[in-house]
Amino acid sequence: MTELAVGTKKGLFLLEGDATGGGGEFGISARAFAGEPVDYALRETRSGRLFAATTSPFYGPKLFYTDADPAGEWQQATGVELPAGGEQTLARIWVIAAGETPGTLYMGADPGVLFESHDNGSSWQLNSGLWNEPSRPDWQPGGGGLCLHSICTWPGDPQRLAVAISAAGMWLSDDGGASWRRGNRGLNPRYLPEADIDPETSALCVHHVERSRTRPERMFMQFHGGVYRSDDAGESWTPIGDGLPSDFGFPLKVDPADPESAYLIPLVADMDRVMPDGRVRVYETRDGGASWTPRGDGLPAQHAYLTVLRQAFASRGSGPGLELYFGATSGELFGSGDAGASWRTLAQRLPPVFSVAAA
Amino acid sequence: MAVVRVRGPLRALAGGRGEHELEGPTVLELLRSFESRNPDTRGWILDERGHIRPHINVFVDAERGAEHTPVPAGARVEVIPAITGG
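If you read the protein sequences in the order shown, they are chains P and S. The numbering of the first sequence is the working numbering, which starts it at 39 and goes up by one. The numbering of the second sequence is the working numbering, which starts it at 14 and goes up by one.
Treat the hints loosely; a few may be bogus.
Unchecked claim - If you want the ones that stay clear, here's a sample from chain S, every Cβ over 10 Å from chain P, calculated: (1) Arg18; (2) Gly56; (3) Gly87.
Said to hold, decoys possible - Simulated crosslink set (SDA-like; lysine to any residue; CA at most 25 Å straight-line): (4) P/Lys47 to S/Arg50; (5) P/Lys48 to S/Thr82; (6) P/Lys48 to S/Arg24; (7) P/Lys47 to S/Ala79; (8) P/Lys48 to P/Ser368; (9) P/Lys47 to S/Gly87; (10) P/Lys48 to S/Gly21; (11) P/Lys48 to S/His68; (12) P/Lys47 to S/Asn70; (13) P/Lys48 to S/Phe72; (14) P/Lys47 to S/Glu42; (15) P/Lys47 to S/Glu80; (16) P/Lys48 to S/Ile69.
It is worth saying that the hints were derived from the structure and are not from the lab. Just so you know, even glycine gets a beta-carbon here, dropped at the ideal spot from N, CA and C.
Pulled out of the complex, with its shape left as it was, chain S reads as follows (with noise of 0.2 Å):
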């Protein structure tokens, strides 16, 4: 079991809670079962292809992780959008 930490628009969707506790080996599929458990996330996070987009960047116990990087149990799980603006 792994805590996946969201933020603004994503918590308001996901029910206003921040911490989720979720099971995923994954990255990747940590997040597809955090969409699954708040459906109206769906598509914020993951696009049609399945792949996280481009500009959400996600830390596994604070370090920059990918769709393929391992969660341990335990594991804090960010999901933090880019440095991004204009």
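Extracted from the complex, chain P is given alone in its bound form (with noise of 0.2 Å):
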């Protein structure tokens, strides 16, 4: 049985399946947080936590955790807020990962912000390499904010960190995030005059960056226009992009078991975020990008004009049974139990999906 945790517009969603079953939606199981926006949410599964990030329009940006019924009530987690007294405030939790020691957790935030637990979750402190960065009063927002959006961790080494910061690019890490430089040579911002591009001060607008858990130096990236794989742990990208009806997109996700292996949800461009063709696709590649082959078997082959946001595209165990899941603005689950070779409609009428994650 797979759980999904759907962060939306209206609230946090628990969806119940089998994704290796028959045809046949997944049950809603719960709903939280009725009415109020959940940007994010995750089932972090070496302690069974449940969290959701929401950002209520009145109240600001909160984190919320369970270890008990969903339903049911829910604690906020303590330190999610930068220092008072400054003149920034925190404008949205984006992301959650875990980290490679017991009970360490990190999470990412707007105004591109790190922060970190040691506790599982129930308490949170500011990352203070990244936060006093020199360069940080120059970073400038993408069109979602300066939004801190992928967490990458070394397995087997906690002292390896890469984040990524739309749009302040790439940033590496050797001594678990009490220092940070960046990592951004070879992108190429096309939005930007090529005269102008300096890899270690120009806006990069980085989407989403994903690590191979079983060769970790290779990195596959997401980017504002272009599609790009690291091989030296994110010192620097290659474009790969080729053989993509489109480079622009938003989520990523790879295969655990393969560090060849990369699915891209591609939209036309940054000026119609939408699918190309109205055709619903996910595109694989299993040779490193060197080729991209589309996988919607069972998805909307036409009149499909959805847009899959940043963190709406979730993954789950490895290999031929590798698990994949996204949800669209238009309120539309889907999900495949056999790494995207086919796929089937596990919802329909959800509210706008901000979030997916499964467990």
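Make the complex out of the two chains shown on their own, each in a separate frame, by following the hints.
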């Protein structure tokens, strides 16, 4: 049985079902934060704790968690705030990722900030290394804000971290987040004049980054116009978008068992953020981006102008049984239990989907 | 002494009480006092900068107030979410 935590514009929905079973939708097992925008939700599999990040238009962004019935009481996590008395406020929580040591979690948020927790997410501390990065005053937000949306730990080595910020680019750390350096060589922001591109100072709108679990120096990136691969742990990047109908998009997943694998959901372009040709398709590579194959068996094939947001693509498991799930702002939810070979509709008429996580 | 009235989640976070008698010469100082006496509400009305969140409205004796609006003794200060949606 797979559980999906789906953050939507109107609350958190938990759905349960069997990805490998026959057709049919997943059932909604619980709804929480009714009416509230839930930007991100996650069942942390080590602790079993369920997290929901909300951004109330009135009360600001908050992180809640529960260890019990999600339809019951939730606890508010502490420390999810910027230093008091400053000039900035926390705008939105974008992502939570498990660290490499027990009880450690990382959380990315707007304005380009990283939090860490060492008690399974009950309390959080702002990462001061990134907060005090000298270039921070020059960072520029993307259209979704100055969002830290991707956190890549290094399997077995808690000292090595990579985070991506739109539009402050890639940041790498070798000392557990005490200090950070940029990792942007090779990125080509087509929205800037070529003569002005500087990997140290240009506004680099990274949309999503994932690291291979079996070959950690291998990373994949969906950029704001461009798909890239790194083979040196994010220091430099090579374009691999040839063969895609568009190299614009947001989410990206990898098969944890295969360092040559990546899955993308292309959109037409930054000025037209819907599926190309009105067809819902996921694109897969199994050769590190040398070639791409559309995977759409079971997905809407016409008149489907969907948008899939940055955190609305999830995976579970690995190999031939890799489960893939994505939700659209149309309120539809799709899933595959065979690494994208076939798909089915799991839910329809949900509120606009902001995030999907599978456990 | 003024009476701060809260509703919805603020009331729940403030021990389930909708009315709180507090001291504070201005709206901002009164709300600081409210958050100090009700620590679970910290960050819900005032942001990290110490300002009232943009979509929170405050009324002093039924008149729209701002951070530096004086709060006379015996005033009723209502903290109400603004009209918004989507």
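A quick look at each hint next to the structure:
no.: 1; hint: Arg18; in the structure: 16 Å, holds
no.: 2; hint: Gly56; in the structure: 6 Å, violated
no.: 3; hint: Gly87; in the structure: 27 Å, holds
no.: 4; hint: P/Lys47 to S/Arg50; in the structure: 33 Å, violated
no.: 5; hint: P/Lys48 to S/Thr82; in the structure: 35 Å, violated
no.: 6; hint: P/Lys48 to S/Arg24; in the structure: 22 Å, holds
no.: 7; hint: P/Lys47 to S/Ala79; in the structure: 30 Å, violated
no.: 8; hint: P/Lys48 to P/Ser368; in the structure: 13 Å, holds
no.: 9; hint: P/Lys47 to S/Gly87; in the structure: 41 Å, violated
no.: 10; hint: P/Lys48 to S/Gly21; in the structure: 17 Å, holds
no.: 11; hint: P/Lys48 to S/His68; in the structure: 18 Å, holds
no.: 12; hint: P/Lys47 to S/Asn70; in the structure: 23 Å, holds
no.: 13; hint: P/Lys48 to S/Phe72; in the structure: 28 Å, violated
no.: 14; hint: P/Lys47 to S/Glu42; in the structure: 34 Å, violated
no.: 15; hint: P/Lys47 to S/Glu80; in the structure: 31 Å, violated
no.: 16; hint: P/Lys48 to S/Ile69; in the structure: 20 Å, holds
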